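Going down the list, the sequences are from chains A and B.
For the first sequence, the working numbering gives the first residue as 1, with consecutive numbering after it.
For the second sequence, the working numbering gives the first residue as 1, with consecutive numbering after it.
No lab work stands behind these hints, which were simulated from the structure alone.
Predicted model only: the values in this text are computed from it and were never measured.
Wrong hints could be hidden among the right ones.
Claimed, not checked - Taking CB as the label site, the calculated pair distances span:
hint : chain 1 : residue 1 : chain 2 : residue 2 : range
1    : A       : D52       : B       : Q14       : 24 to 32 Å
2    : A       : S65       : B       : P85       : 37 to 45 Å
3    : B       : D11       : A       : A39       : 17 to 25 Å
The C-beta atom is built at its ideal place from N, Cα and C for all residues, glycine as well.
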Amino acid sequence: GQNIDQPTEMTATEGAIVQINCTYQTSGFNGLFWYQQHAGEAPTFLSYNVLDGLEEKGRFSSFLSRSKGYSYLLLKELQMKDSASYLCVPWGGSSNTGKLIFGQGTTLQVKP
Amino acid sequence: SAVISQKPSRDICQRGTSLTIQCQVDSQVTMMFWYRQQPGQSLTLIATANQGSEATYESGFVIDKFPISRPNLTFSTLTVSNMSPEDSSIYLCSVSVHTGELFFGEGSRLTVL
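Given the sequences, and given the hints that come with them, work out the whole structure.
Pasting the structure below:
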């Protein structure tokens, strides 16, 4: 089984920094994905964390603590186009079923 | 990476009819999945499309309602059978590379009247 806990909605101001937290419980863990989904579009890949620590990729960074079952996505210098849903998705690995099970995600609204 | 072509992109169908959605990938991939996204909801996995064998369905989804074919490593179809308005949704084909990252098609927006 799998359980993912993220805030349902968040609001932030253009130019600011926002952190989206995620806690998870899952049987079998290989790594954790973050996806972004704009309304009416398919999800797009943001990051994948396997090891503990922070991975930085431009304005977006993702952190993982395997022992705590915890991750966060950090968005800096927010832009209006960052308004979207952000999905935290733990993955059991290709030797498992390979499938990704998505939760409800966090809907982020960026205001001017 | 993988480029996925999905069609139709949208369709309006009558209750009781069936619609087949096609998914074509530009490279051979091991794993293909079909998801559904109902209005205001997140993605729900329907099934894993297995090449040369029956698909593996998630709880709540059955082969009679959502028959899936996967004749080779680059192509799959999902049929939504005997449609009702509750089947109005976006259906997404996705493929996984060995790292687990999922690539999605553009989706097929289905409206059932």
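We went through each hint and held it up to the structure:
1. D52/A with Q14/B: 24 to 32 Å: violated, 53 Å
2. S65/A with P85/B: 37 to 45 Å: holds, 44 Å
3. D11/B with A39/A: 17 to 25 Å: holds, 20 Å
The structure fails to meet hint 1 from the earlier list, while all remaining hints are met.
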